[in-house]
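Asks: Chains as they are written, first to last, in the numbering used here: chain H, 878 to 1361; chain S, 5 to 99; chain X, 0 to 493.
Treat the hints loosely; a few may be bogus.
Said to hold, decoys possible - No more than 27 Å apart at the CA atoms, straight line, and that leaves these computed lysine-lysine pairs for DSSO-like:
1. 1015/H / 96/S
2. 37/S / 416/X
3. 1178/H / 66/S
4. 37/S / 306/X
5. 66/S / 965/H
6. 1178/H / 955/H
7. 1345/H / 1057/H
8. 19/X / 55/X
9. 260/X / 55/X
10. 66/S / 955/H
11. 1285/H / 1241/H
12. 1345/H / 1255/H
13. 70/S / 1015/H
14. 70/S / 1340/H
15. 1015/H / 965/H
16. 37/S / 1015/H
To be clear, the hints were calculated from the coordinates, so they are not data collected in a lab.
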Amino acid sequence: MTYLIQGKTNDWEVVIGLEVHAQIISDAKLFSGAATSFGAEPNSQVSLVDAGMPGMLPVINEFCIQQAVRTGLGLDAKINLHSVFERKNYFYPDLPQGYQISQYLHPIVGEGMVRLDMPDGTREIGVERLHMEQDAGKSIHDQDPNRTFIDLNRSGVALMEIVSKPDLRSPEEAGAYLRKLRAIVQYLGTCDGNMEQGSLRCDANVSVRPSDSDELRTRAEIKNINSIRFVMQAIEYEAERQVDVYETGGSVVQETRLYDSDRGETRSMRSKEDAHDYRYFPDPDLLPIDLTPDYVEEIKKNLPELPDAKKVRFISEYGVTESDAGILVADQETAQYFEVVASGRDGKLAANWVIHELFGVLNKVGKGITDSPIVADKLGNLVDLISNRIISSRIAKDVFEEMVAKGKDPGVIVKEKGLKQITDAGEIETAVNNVIADNADQVKKFREGNEKLVGWFVGQVMKKTQGKANPQMVNELLLEKLKG
Amino acid sequence: MALDEATVRNIAKLARIKVPENEVPTLAEELSKIIEWIEQLNEVDTENVTPMTSMAEMVMPKRADKVTDGNYPDRVLSNAPNPEGPFYTVPKVVE
Amino acid sequence: MSKLTDLTIAEARDGLVNRKFSSVELTDAHVNAVEAARDLNAFVTETLDLAIERAKASDDRRAKGKPAGGMDGIPIAVKDLFCTEGVLTTASSHILDGFIPPYESTVSQNLRDAGSVMLGKTNMDEFAMGSANVTSFYGAVKNPWYVNDGKDRVPGGSSGGSAAAVAANISLGAAGSDTGGSIRQPASFCGVVGMKPTYGRCSRWGMVAFASSLDQAGPLTRTVRDAAIMLQAMAGHDSKDSTSSTEPVPNFEASITGEIKGLKIGIPLEYRIDGMSSEIEGLWSQGVEMLKDAGAEPVEVSLPHTKYALPTYYIVAPAEASSNLARYDGVRYGLRVDAETLDEMYETTRGEGFGQEVRRRIMIGAYVLSAGYYDAYYVKAQKLRTLILKDFSDAFKKVDAILTPTTPFAAFAIGEKMDDPVQMYINDVFTVPSSLAGLPAITVPAGLSDEGLPLGLHLITKPFGEETLFCVADVLEKLVSFHTKPAYLSKDAR
């Protein structure tokens, strides 16, 4: 189903392209040996090169090249063996050299693709390119009424800029693209995808057009949105704003806008007169990167299993449904957790418990799966108890709650509380007989045609057995006896 | 003239150099002369020539991913015109 | 006149080794000379106390039998383009007011490690942009050569202070930098030896960058042998500079064998430019004859794109400079002119901080890189560079070295050639092509102009062929036998 904005005059389609800046996971910066870790004391992770001191020169971090190639391979993209660093010249206080070392005409990675699993089918979103560049420092505007403070810790950290083709057509698709991209780089270990800390940032290019049109109209760029939710909101707002502009006879201006999440609206950035003329030229302090096919092959051979492949494997190996598999591979930690639970066990059952029970708990206590109150092994033990019919699913839920509350092993809880399922046919028969004997009226009603009462009878037997009787056996036996 | 005054003002803006208004005409003349002199390069046919990419005919030297630098904020701030604690400062920027 | 200041580096080295004098005595003599020659304005910053300290340390090392290196105890000057730790470094610009680097450039550190003693930081054209040392924020440098017309002469540039210091015998040698001729042209104007090594021979780390693909550090000295000794101390691979060559550094002094029989010396026809003065032509022919007499074979070669080298240079160098000088913004060091807004601060700081020549070049640079002009100018210039490089490599298939004049004229008066920037650029017409091609080149004082001012001859060779250069230059130097001293050395005050 296409996402359309119903305007006053006609329906409008939204055209979205996303530019994602992903901080490369590396110990040291792209062109300097200073550290990259988040949250350090201001200007403590700044070398003379990062501070743009006179006479300083860049030397490239080999690992960052690897990480960029790795990411390109994860996007099924063309790796450009020859690429060039160019200077992007502009003035800003957190850009100490007065230029950013980036790649322009010859990026390290060319066209690729990201596959999205949307409710109405699979969509393939084109990636235009990926290039490496330096991050800038931080400008802090709220510490002093008259001055902006500058911290250059982030200046020079390696970034990958991943540019999508304008193939996205709705805020939902944009969200899905970001989630998928984040999962891919997390799986590859090339970026931690943490949007709050700013290791993943997104600029959205948004334009609209009449739904029957093919043209690409003027787009606005919404910069530096730091959560997927805000990206989706910003796109929605901006698209509607643009529709409004067109429908009231105006035209959309090509400009940079910011998303104000408090007000839920996009705003034009303070006028920057002309568009920037970045005067790109190849950085004369560096040489071009020339990779060999062997180098790329080596990285390709050692790629970890990526979300799409893992999803396929979960379906075939663990019998998980397509929809559940999609949820489980959405982030690497969840996938890893699930696999521990599911290994050597009933995959469907494992998926059920992770998705329908564990996630609920995690949401409630506000924790991520890596801080789960129940570790994967233990959840696996619980699944075993169910599969081996030691406890019923019903009882398992109680055990689960107890595990969350007290942190005990499921086996221990079952033992301590005597929750073992009753599967002895004799015991069940006794209970069933008792219930039938005690409830002649109900039996009569059942035999007169109210077959739904079997549920009530099952309830009674379960009460008599403190919920421990095996529900299937109870059901079978009851029906047998009730029907006479 | 190759460069008119408006262009000179634009370039001065790009380069963040304040050129007093009374110097603009002379500067436009000087720069134009230089550009006109440079134009003689058009006499040369460079259709099939690749631009020189780097002087050194080497492979780009690379370094290992190790932290070998930084952690000296005092040195880095030692020449700052108006530092505030561990920060550089500039007149307030409005975004 | 103190005899110690008349020595060459080689002689001083011998004197120190043979304990004829100490480094402190040698340095002291130079300290006095520097102080007495302040009217030349060769130095921006004198580091005379530091020099004595380092001289003492040198003598201590020698006493313990552990001299540091080839330049141990030798007093030298260092162009104010090299960042020197704890010592004011200005690149002769107002915008670097008060800048005290917390680091030392690789080249000046190499010189320190070799034991040399730094007398001070020499004056230069601002940001190395100029050919007369008249664009310095600290005032013009005077050439110790002059004639009886009452006019001060320029020492050339941008390493004007370095050349003047060596020529006036106030320093045994000086480290300079050459981008389009900034070592060779002032060396020629001041009657001293100046050498630009192959691009990548010396590290650029810690050198205030002007044009990254062209800048090279090199020595200015009074003899060719001295240049070899000093280059030995300066050169070498630096992993902090991605353009630094891993080519092994040979023993340069050992290449001075006095033997050039059978070497082919190229004479490029395109260097015979229109309006070339007869004295320059004469000098050049003499040079050819001398080398021929010494057994070399002159061969005519063609470097067809020579005339396009200067305009090519004046696209590439300003373009790179416009970007390299963007960091001088008043934020982290140097001059800051306070203002209400950030952009105003940038614009006033840079407007006031940069001189006129620097401003011109930054603007040309920004223009030739700007949208719509990049292909027509910058890319075009980089293509011309490829052609110029090819001209040379073709020539070097036939010859071992190329001989040309160093400058089209001798030192002019301070204040001349200021009307038209392009006029000033012509100074570098013979030196720029080898800069664009990254080739090693040297100038040797070879004669006097009709007025009595020095003129140099210039040798170029293939990449990393400095050994050939020193060998041929040494032979030329001996044959030329240029022993005239600048007028400054015989004036009454001394």
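Asks: Please flag the earlier hints that this structure goes against, numbers listed from lowest up.
Replies: 7, 9, 14 and 16
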